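Asks: Those protein sequences? They're chains A and B, same order as listed.
In the numbering used here, each residue carries its 1-based index in the first sequence increased by 3.
In the numbering used here, each residue carries its 1-based index in the second sequence increased by 37.
For the record, the hints were derived by calculation from the structure and aren't laboratory data.
Each statement offered as a hint is correct.
27 Å max Cα-Cα, derived BS3-like pairs, lysine-lysine: (1) K441/B to K286/B; (2) K226/A to K612/B; (3) K612/B to K202/B; (4) K226/A to K599/B; (5) K597/B to K226/A.
From a predicted model like this one, the values you see are computed outputs, not experimental measurements.
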Amino acid sequence: MANDPRLPVLNVIETLADRYLKGKVKAVKLAMLTLLSGGHLLLEDIPGLGKTTLALALSNALGLSFGRIQCTSDLLPSDITGLSIYDRNQNQFSFIEGPVFNNLLLVDEINRAMPKTQSALLEAMEEHRVTIEGKTYRLPDPFMVIATQNPVEQVGTYPLPESQLDRFLITTGIGYPPEEMEKKIIQTGSIREGIRDIEPLITREQLLRARQAIREGVQLSEKVTEYIYRLVAATREHPMMLAGISTRGAISLADTARSHAFLAGRDHVIPEDVKTLYVPVCAHRLILRPENEALDRKEILLSLLDENPVPLV
Amino acid sequence: MVRIKRLLDLFSGVVALLSMGPVLAYLDRLLLPVVLLAIPAGYWCDRREQYPLPTWLATLVALSGMFFYALQITRAEVAIPVVHAMVVLLTVRLLTPKAGRDYLQIFVLALFILAGSSLIHLEISFVVYLVLLVFSVTLGLVFLTVYVTDQKLVMSRQDLMKLVKVGFVIPAISLLLMMIFFVVLPRTRHPLWNFLNPSDKGVVGLAETVQPGSFAKISGTKELAFRAEGPELAPEDRYWRALVLNQSKEGRWVRSDPPGEGAPRIEGPAPVIFMIYPEPRSDRYLMTLDRATLVTGVRHEQTVDQMYIARSALDRRFRFEVRASPGARLRVAGNVNREFYLQTPAEISQRMRQVSADIHDGSIDVTVRIDALAEFFRDQELSYAEDDLPSGPDPIDAFLFVNKRGYCEFFASAYMTLARLAGIPARLVGGYYGGDYNPMGGYYLVTEATAHVWVEVLAGDNSWQRIDPSQWATNAATTLGARDRDQLSALRQLADSLNYHWVQAVVVFDLGQQMSLFREAGDRLRSLRTLRAPDGWWKVAGGLLVGVTLLAGVLSLRRKSKEARLLEEFRSRVKKRYGHEVLSPGSGLAELGDQLDNENCREFARIYYGAIFRDRLLTRPERVRLKGLLRRI
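Next up, chain A with everything else stripped away, as it sits in the complex (with noise of 0.2 Å):
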């Protein structure tokens, strides 16, 4: 048992929620649900919750290389992807590297970006790779975007359009800590100074041998695709939406209910796991009809899994 892939990204979670994120764990769990799954998290909350607080723990804890992007309308695609310099020595432009190329890169109010960035920034996150004055750079493996906004915020944003939200895998919101836990954080201080000390917990190495376990080792029944299916169905003929789940949204519904699965230790998905994730994965991806545009997505979704059965025989 102490060659299981799974034990180290478990270590993970643990030590971050125990630790240093307490009353974070959902966050924790769907962030590291999102690297398994070789996706990107959208941490959609008001400021001073811990949205940077949290990328930052998590990449210390993964021992990967960390960039960080502040977003403001006058930043540039070049200011993320990197630019070429002319150096005087060598006679020649070298590129010099912007932040996209580490494993993890917070983008913290992504929404403050001019769409211009916006769209450079979710280009390099789809195909991970840039090409930057005809030429194609890979990006790491594995990579990551952190991006953060800020919901309540209207004035000097601009919003991400609905087909770039599309790409995040998951969106969550931090929420506020528990009564208790937000005394003692009231107490003691900001956590920022202790999340410097953390050290790696995971090796660059256990973490593909996770993702590859995932992709070999976990069953999707045909029970849970029908169920999946019925699930991302049911959104496109819902009379309030204008448009549903796309067939990517089913995939990555999918693949997180894979990773979810490996980390309770299963070999195989059951429809709890898709019913954990049906709405971080899904509620960003609905279009409501405008409407009906000031309802909850979270109550349509939870409404739509109260009434599709879950598969059992």
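Given the coordinates of chain A, work out where chain B should sit on it, guided by the hints.
Replies: Relative to chain A, chain B alone:
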């Protein structure tokens, strides 16, 4: 939207109608229109909620009706007055305001009336009424249970359909069980209630005298005389013998006890076996296929001239077995009282005397005389007819020489007279000729229309020989055997087969037959012979078997898998332990386990999910394990 009260009112009307259906024909002339009116009137009153009779008057009417009919009960007639009294009660109930228990009373009365009708008359239609009534009463009771909880309830069509579905399942299952029990359970030889059962009135019977010329026209009724189950016979063998007439008395042929004669010996082909199911009749003659050698299944006596007479009245349906050799000769091993069979009527025309004298003088050999007489009949070119018949003071003479048309009695009487005058001992035999073979049921259907008379003569070798003078009619081929050929269409054949099986399987069914059936089945299995073409019971049993197999097949297709049954049990266990609200179709087993914080539930989910979400079925040890967990939940 349907009001439950309206439904109940409708059903009480339907139930009343169904229960009275079989007894309508037996109701008093006075009561019948009242009953028929009361059913729609009752429904109308319920809708208007206005009733014609005040309660005290209704009670009075019911009591006086019961008293009136109770007075009519005699030892011989119990069922009809009792049924009448119940019909009066039911009628009064229909016409008075109804609450829950009144509906119940209506249903109970209806069932009693139907049961009572079986004492009066047990026909196959009884089953139809029974099935319909069982369904209606069950549905009515289901509605009633709803009605008592909320009398003003209005149901949507969907809810109503659900209710009706439930209501249908109960009687369907019980009727199926009833069918099985009917075959499986042993019964007494006679119905226990038989003492209450009045005799069926004899409706048919053979004429005990033969007197041609008394009517200008005869018309045979299509009334069923009997059914005879057995192999199909050649046309010349279809003589069903019942009665022998041997003496002439005032222009009629009648029967008087024949003098004793030597022991008869039947010489002929191997016997065939027929099972005869006679209709209730007023006489006691048992009809047998001509030249019967053995009659079993009924207490009877056998006369010297091969008649079989039952010892008790034949006013019930029953059956008996006849072993017979069609076309065999009846040789008498001793002397026959020839004088007895040579007595002639007092008045015989000159022409007939002349004819017989010619034959008598032609030869001393009886065989030659018989041939000569046959020759004479053929030469006369007589024709078979049932109207425009000869009459007058000497109808036989008119038949032979003037009109030359008549039916079997004319032919047989003329032959008798001439034969006896010519010194040939002869006797008249009454019975039936022909009958329609029903290939579906494997039996002959013989109606009163095929009643027939023929002659037996004592031939030279001291054997009684059958001679049917009617066959010498010029049109015998088209009339005699074909008399009621047109009556059985395929549909009627089917209906008659059903009726036949009803009589055979229900009315005359008894334990002995059942045991012999089992014995027979056992014998057949032991001897490992290929089964004979199924007849009667075997067809019914075979049909049932096929039906049950098909039903089982359909059920097994729809039957739930082992997994589904385990899951169902899991659900019911959880429901029992934690109540209803925890089970929603949108929740899975694993989350249920977490929600309830029940380790057994979690373990169940783990094992169960481990199989079905690996796309495989549960293994046996897994199932055992799951069942163990279920017990602990």
